[in-house]
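Since chain A is already given, all that's left is putting chain B on it; use the hints.
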Amino acid sequence: MARLESEVTREIECIRRVQQGDGEAFGPLVERYQQRIFSIVFHLVRRRDEVEDLAQEIFFKAFRAIRSYNFQSSFATWLSRIAVNHCYDYLRKVRASRISYYSEMTEESARELERKLESPRARGLDHGEKLSLRDFVSGLLARAPEDDRVILTLKELEDFSVEEIADLLKLKSSTVKVRLHRARKRMLEDLERWRQEGK
Amino acid sequence: MDCKEIRDLVSDLWGGELSAEARQHVSKCAGCEGFLRDARLAQAGFRVLAEEAMPEASLGFASRLVRRLQEWEEKGARSEFFETVGRRFVYATLALTLALLLSLVLPTSGPVRGVAGADFLGLQSNSQSSQPDVIGGDLSDSHDLIPGRLPD
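Heads up: the protein sequence lines correspond to chains A and B, in order.
The number in the numbering used here is simply the position in the first sequence, starting from 1, with 216 added.
The number in the numbering used here is simply the position in the second sequence, starting from 1, with 376 added.
One chain only, chain B, in its complex shape:
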């Protein structure tokens, strides 16, 4: 057996009995002897640690904790409500601001927009020209009122 096998065996058995072959190696190898000694000390040390007195919960730990949890829940529910309402308010304000900005920035009429709009409206009015108006008039009468309309 070599040193690596011994170390594997010691780590694996962890306090279990070593074979005669392993014991023979350990008796001749100072490194493995030290390794085995440390393993035994570690096992004993773990036993000492496991027997050590445990810190105890302070008096009323559970009831105090439950009270805090309930407070947290109430606070959480409150803040969740305000968070939701607040978020909606922010979104609504942003949407309004954006709409306002667009209405200010974009021109109400212009060379391209005006023509396209007029064109569209012109076409629409052409197609509707044969239909009587609800108040009995003809829509073709209002053609001249459409700004930027292309000449016929």
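Next up, chain A with everything else stripped away, as it sits in the complex:
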């Protein structure tokens, strides 16, 4: 508890120093949050080769805007918000060049996978099955509209609570719940439509 408090105090001190023009003090903040930002970027963008560049751009934006940070929300939330917005813009930019298909999954293999999914953490799956599930969901996310993709990623991959997402996206919790519900439904209906068109 005392350690956590001292970390928070050190963080506040670093932020204030950067706000006063000491660029060196930004280093510890980058070190502390780089993994979090890498995770958000990777889950949202899903391009390993782009993650570091995008993370760098996000920290750059944060550095430029740090004087406007007023300690209303936690620094982690403020920084994550910048990351989500940056990735959202990136996704919109690359949308035109993005061609996504659902991976092939036969009805039979889907049933087989479903049977194996009795285990709550999918531990009963072998490497190949995990790969096909990964491709399947990557396809679902790639085809989803950016807003749906952001909210699904934050909930399902970043494991944020509804309240945390609301804080991050500056929305009401009830709005986040509705958007999550719609995003899931849209995603599954899109898959269903795709399957029907393919038949």
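Don't read these hints as lab results, they were simulated from the structure.
Hints should not be assumed to be uniformly reliable.
Unchecked claim - Taking CB as the label site, the calculated pair distances span:
no., chain 1, residue 1, chain 2, residue 2, range
1, B, Val466, A, Ala218, 55 to 65 Å
2, A, Arg409, B, Arg463, 49 to 59 Å
3, B, Gln446, A, Arg409, 50 to 60 Å
Claimed, not checked - A few chain A residues facing chain B, derived, Cβ under 10 Å:
no., residue
4, Phe352
5, Leu373
6, Asp375
7, Arg398
8, Met403
Think of the CB as a built atom: it goes at the ideal place given N, C-alpha and C, for glycine as much as any other residue.
Frame of chain A, contents of chain B only:
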């Protein structure tokens, strides 16, 4: 329960237990059965994705970034200075050019300008005629020197 309600329920519960009524519908409806299966596969797929190894920052990412930010700040301050000075220089040059153009384009005297100016000066000199000049002379003496003055 109809298919729409089932789909809403599946999207809402997202892995939660369906009611007996809902399960009964799903067991008889191929479309809803497929929808539920896809939902379960998607949930499992999300779990697989969440467990995937994350790309790590390259060695020295933070220090490299801070160095770049400092360079950018210095460059930014320099370019801001030159930008401000440059902008002022451009404004000053524009103002000078405009003044020069006006002095070239506008005539020094003319039918309207000359008369109006003379009129104004004439009136002014009339009103000042009773006042003694600083060097002791009378301003009325200089009336004839004003070009374009209307005759009395």
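Hints and how they fare:
Remark: the range hint 55 to 65 Å for Val466 of chain B to Ala218 of chain A is upheld by a beta-carbon distance near 59 Å. A C-beta distance of roughly 56 Å is found between Arg409 of chain A and Arg463 of chain B, which places it inside the suggested range of 49 to 59 Å. At roughly 52 Å, the beta carbons of Gln446 of chain B and Arg409 of chain A sit within the given window of 50 to 60 Å. For Phe352 of chain A, the interface hint holds, since its Cβ comes within 10 Å of a Cβ in chain B; the closest pair sits about 5 Å apart.
With 10 Å as the threshold, the beta carbon of Leu373 of chain A comes within range of chain B, its nearest partner Cβ sitting at about 5 Å, so the hint holds. Here the hint on Asp375 of chain A is kept, as its CB sits about 7 Å from the closest CB of chain B, short of 10 Å. A least Cβ separation of about 8 Å between Arg398 of chain A and chain B falls short of the 10 Å threshold, and the interface hint therefore holds. The beta carbon of Met403 of chain A comes within 7 Å of a beta carbon in chain B, closer than 10 Å, and the hint placing it at the interface holds.
In summary, this structure violates none of the numbered hints.
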